[in-house]
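In full-length UniProt numbering, the protein residues as written are 1 to 263.
Treat the hints loosely; a few may be bogus.
What the hints assert, rightly or not - For each label pair, taking beta carbons as the anchor points, the in silico distance ranges come out as: (1) Asp70 x Asp149: 48 to 58 Å; (2) Lys240 x Lys66: 43 to 53 Å; (3) Glu53 x Thr256: 38 to 48 Å; (4) Lys46 x Thr253: 39 to 49 Å; (5) Lys66 x Lys114: 20 to 30 Å; (6) Glu110 x Pro145: 22 to 32 Å; (7) Val105 x Gln222: 16 to 26 Å; (8) Asp118 x Thr256: 21 to 31 Å; (9) Asp199 x Val244: 26 to 36 Å; (10) Glu110 x Phe241: 46 to 56 Å.
Please keep in mind that the hints were generated in silico from the structure rather than gathered at the bench. Backbone N, C-alpha and C fix where the C-beta goes; we use that ideal spot for every residue, glycine too.
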Amino acid sequence: MSIRLSSSLIAASVNFKNSKNLYSNRSRNCRFSVRSCVSDSHNAQKLVLEVKERLAKDCTSLPIGKNGRDDEEMILWFLKDRRFSVDEAIGKLTKAIKWRHEFKVHELSEDSVKPAADTGKAYVHCFLDVKGRPVVIVAPAKHIPGLLDPIEDEKLCVFLLEKALSKLPAGQHKILGIFDLRGFGSQNADLKFLTFLFDVFYYYYPSRLDEVLFVDAPFIFQPIWQFTKPVVKSYASLVKFCSVETVRKEYFTEETLPSTFGS
Numbered sequence: 001m002s003i004r005l006s007s008s009l010i011a012a013s014v015n016f017k018n019s020k021n022l023y024s025n026r027s028r029n030c031r032f033s034v035r036s037c038v039s040d041s042h043n044a045q046k047l048v049l050e051v052k053e054r055l056a057k058d059c060t061s062l063p064i065g066k067n068g069r070d071d072e073e074m075i076l077w078f079l080k081d082r083r084f085s086v087d088e089a090i091g092k093l094t095k096a097i098k099w100r101h102e103f104k105v106h107e108l109s110e111d112s113v114k115p116a117a118d119t120g121k122a123y124v125h126c127f128l129d130v131k132g133r134p135v136v137i138v139a140p141a142k143h144i145p146g147l148l149d150p151i152e153d154e155k156l157c158v159f160l161l162e163k164a165l166s167k168l169p170a171g172q173h174k175i176l177g178i179f180d181l182r183g184f185g186s187q188n189a190d191l192k193f194l195t196f197l198f199d200v201f202y203y204y205y206p207s208r209l210d211e212v213l214f215v216d217a218p219f220i221f222q223p224i225w226q227f228t229k230p231v232v233k234s235y236a237s238l239v240k241f242c243s244v245e246t247v248r249k250e251y252f253t254e255e256t257l258p259s260t261f262g263s
């Protein structure tokens, strides 16, 4: 492995450890959350209203409307993520709403992410998979750290997540992520962005990933995964290493298969 990659691993380890500690502490706290009281939709709605009222009283500076402090669908999702602990849901929801406002998620558009999107490193597939999930496809071999300002990659990431979630069919709440690792090399490793990605899925889009495919991962990818696996903890259980053939046979039909995985 190159010296550059090794130094990146060391530099990123502190950030990952901090994320790990936060995740572990919150996971332990969940054991004391209010689980048994939420036995039906009525009780869930009562908690949604409680969160909504507390945010209206204590967080008046937060925006309202879709993805704001009064968005009941968003409140319910964060309650579910925090196993219906009102205090924990409020804490995480407040952080997410502030981030969305500061990151200006509502201003992201095809034009605003064009520099990063034009590299072809990531996109939302035009078809759902066989389970009815929107699909985000990432080609890490097309990512060169430092080629663009890191904020451009972050904007593309968030824009694609928003786009994928907008394609959710009725009854579906999660997405499929596919990392096409063919051609991946040490020059493509970017642990700073990986830290951002972990934070995005843990803090701002919790429980939205249903499954992550690592397709045809080369040998050089293994030490990177071994480093990150214990840090991302439960997210690691979402990962499946597989071949292109598996993607073709198990996740798409002939009509919906992404062209990059065609025979």
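A quick look at each hint next to the structure:
Checked against the hint of 48 to 58 Å, the pair aspartate 70 and aspartate 149 fails, with Cβ atoms roughly 34 Å apart. Between lysine 240 and lysine 66, the C-beta spacing of about 33 Å breaks the proposed range 43 to 53 Å. A hinted range of 38 to 48 Å holds for the C-beta pair glutamate 53 and threonine 256, which are about 44 Å apart. Range check, lysine 46 to threonine 253: Cβ separation about 43 Å, and the 39 to 49 Å hint holds.
For the hinted restraint 20 to 30 Å between lysine 66 and lysine 114, the CB-CB distance of approximately 24 Å keeps it satisfied. Remark: the range hint 22 to 32 Å for glutamate 110 to proline 145 is upheld by a beta-carbon distance near 24 Å. Under the hint 16 to 26 Å, the C-beta atoms of valine 105 and glutamine 222, about 34 Å apart, miss the expected range. For aspartate 118 paired with threonine 256, a C-beta distance near 25 Å keeps the hint of 21 to 31 Å intact.
Taken as a hint, the range 26 to 36 Å holds for the pair aspartate 199 and valine 244, whose Cβ atoms sit roughly 30 Å apart. One distance hint, 46 to 56 Å for the beta-carbon pair glutamate 110 and phenylalanine 241, is violated here, with the actual separation near 32 Å.
Of the numbered hints given earlier, the model fails hints 1, 2, 7, 10; all others are met.
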